[in-house]
Amino acid sequence: MRMFKETSLIFSRQLDRVETLGRYTIVRRYGKMVGLLALLAIAIVFPLVFSNSEETGIALFALIFAAAVTGWNIFSGYTGYISLGHAAYFGTGAYALAIICQVWNVPAGYTPFLFVPVAGLVAAVLAVPVGWIALRVRRHTFVVITIAIFFIFQLLAINLTEQYTTTGSLNLPIPVDWTGDFYNIPFYYASLILLLVAIAISWWVRNSKYGLGLLAIRDDEDRALGLGVKTVPSKLAAFVISAFIVGMAGAIWAYYVFVIYPPTAFDATFDVAFVLMAFLGGVGTISGPILGALLLESTQQYFTSVLTQNGGYYLIAYGALFLAVILLLPRGIIPTLSERWARYQVSRHQSLQEHDAIVTALPTPDGVAENVERKEGINL
Amino acid sequence: MSLLDAQGISKSFGGIHALDTCSISVEQGTITGLIGPNGSGKTTLFNVMTGYERVDSGQVRFKEQAITNAPPDKVFRLGIGRTFQLTRIFPRLTVLENMHVAVQRNSLKGLFSRWSSAHEQKSALELLDFVGLTSLKNLPAGNLSYGQKKLLEFAFVLIAEPQVILLDEPAGGINPTMINYLTERIRTLNQRGVTFLIVEHNMEFVMGLCDKVMVMHRGAKIAEGSPAEVRANPTVLEAYLGD
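Line by line, the protein sequences give chains A and B.
Just so it is clear: in the first sequence, position 307 is 307 by the numbering used here, and no numbers are missing.
Just so it is clear: in the second sequence, position 182 is 182 by the numbering used here, and no numbers are missing.
Since the hints were made in silico from the structure, they are not lab data.
In this text, a Cβ means the ideal position worked out from N, Cα and C, and glycines have one as well.
A few of these clues could be false.
Per the computed footprint, the stretches of chain B lying under chain A, defined by three or more beta-carbons under 8 angstroms from a beta-carbon of chain A, are [what the hints assert, rightly or not]:
#	stretch
1	18–25
2	68–75
3	156–162
4	224–236
Have a look at the derived ranges for each label pair, beta carbon to beta carbon [stated by the list, open to error]:
#	chain 1	residue 1	chain 2	residue 2	range
5	A	Trp203	B	His119	19 to 27 angstroms
6	B	Leu125	A	Tyr110	50 to 58 angstroms
7	B	His119	A	Val176	52 to 60 angstroms
8	B	Gly15	A	Thr141	25 to 33 angstroms
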């Protein structure tokens, strides 16, 4: 038995080596890349295939939310600080673009899209003092404070816009040239570009040393601090980056709906939606929030348009779906599936090892000695 | 030369005086043991020296430089590493990712460097090999056994090459084979110039490993000397066996 354990250890090390160099990794890596390119191609040709405005409308809402939730995830998913107030930056982005368009007389058409990053920056700048205050507390207290700050933003939207409007509502320019089914197309691609930007930022952060610091904060903030991670600036930077992306999503949304009110732009259901979407797909992963948003937002839009005629049953269907997912996949789709996949791989490796153990020659004495020493460290 | 100094430290929580004008001094290149009955203030002293607690009065110095009340990240970057009594690792990160947390850059630079850069990857793998966790490198650290977590915490503190390491009960709750393994690793590092301050209840471990032992009781140091001297000291026996 002991002998078997030692040999299997050696084989697992050999497999390790194969994994870093071999065909398996190459297939996996390129397979992944091909898969991602295929998804991108599907996203690009989607409006050409499903061209009627109802379908593209659903799709572009799904993309806007996917981008916003990806932004939310960069802060809340990576650091573990759950924000229930990110709709504040969605609304800020929306109002910023509306005010920019009014003040600078931005004409309808493609020009407003150029100001989307500016609107995002406005949200990011406002997030600096907010984050600085809110991030002094942790966990439940932090959640409550983000909710409170959200409502402050909503009230400010009513009160600070007095010079532009009496009710807090604002109009954005309407691109009258875009007629029929074409109307949604520019919005669709603008949202897709925003989503790609958000994914790129999320991926970049996740693979950087800075991002590893954020994940360490999520797991044990004080321990991370004791290992030299500058936790306060790190958290604040993540908060601001995420507000920037959510703000841009809000800006595109505002241009699409063209009339915004404080309760629609600063919508508390968006707060909840971001969290639900991220948890559905898998919080803290790169792909999870995107998947969650695409699934949830499109089903919601679909139910709204199809089931409303039958008298509001869509809400029940929506709730039932969500309940089922929470009960069956509590950790989110992506982590659950990837764990199953890993388990399948392990079981395949084990049967491979048993096969190899028969055909391969006995290990060198050197290898055995090395593993006996290793065993001391491991199996305790 | 004294590397790490605590002079006249007092710290109280409510009405309890956890530290009462406590002074200790750790010489460079030694393995110093810190023992004492439960509640004598050993862990509080660690917390004060590593920036996790603020002092009420007194001074902490590292290489003649005052570091009193400096935040934990600064203390660590100066070269003082520590482990915790209740081992603290990052359970949802993989073992290898855990190893990289302590090699931080300042925030902005950290955004533009991959956590898995080749050079750091190499030293992380060497250290994992040093503590015997190489084959577990891709597992989530939360899946490790208690002893393995202790070794991991030890290893990820080492990666930043601290000059002095404070170990809080490294031998607590792990089996004798592993204790020997740990002892040997500490000796190796000490020969390479790393200074150790170790809080431990396992007397065999302390007496076998340390050059010098300090004894704390009721928030102050009551004795100091070689393991043999401390063992023969009547004050120490009294502290342990009660008044």
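- Query: Range hint 25 to 33 angstroms: satisfied by the CB atoms of B/Gly15 and A/Thr141?
  - Reply: For A/Thr141 against B/Gly15, whose Cβ atoms are near 27 angstroms apart, the range 25 to 33 angstroms holds.
- Proximity test - 8 angstroms, beta-carbon atoms, the stretch 18–25 of chain B to chain A, at least three hits: Three-residue rule not met by the stretch 18–25 of chain B, so violated; n is 0.
- Query: Can the stretch 224–236 of chain B be counted as covered by chain A under the rule of three residues or more with Cβ-Cβ separation shorter than 8 angstroms?
  - Reply: violated (count 0)
- Query: Do three or more residues of the stretch 68–75 of chain B come closer than 8 angstroms to chain A, measuring C-beta to C-beta?
  - Reply: Per the Cβ count (4), the hint holds.
- Task: Note whether the CB distance of B/Leu125 and A/Tyr110 lies within 50 to 58 angstroms or breaks it.
- Result: Given a distance of about 51 angstroms, which is inside 50 to 58 angstroms, the answer is holds.
- A/Trp203 paired with B/His119, Cβ distance criterion 19 to 27 angstroms: 22 angstroms, holds
- Using the beta carbons of B/His119 and A/Val176, state whether their distance is inside 52 to 60 angstroms or not. 59 angstroms, holds
- Item | 8 angstroms C-beta test of the stretch 156–162 of chain B against chain A, three or more residues | holds (count 3)
Going down the numbered hints, you'll see the structure goes against 1, 4, while the others check out.
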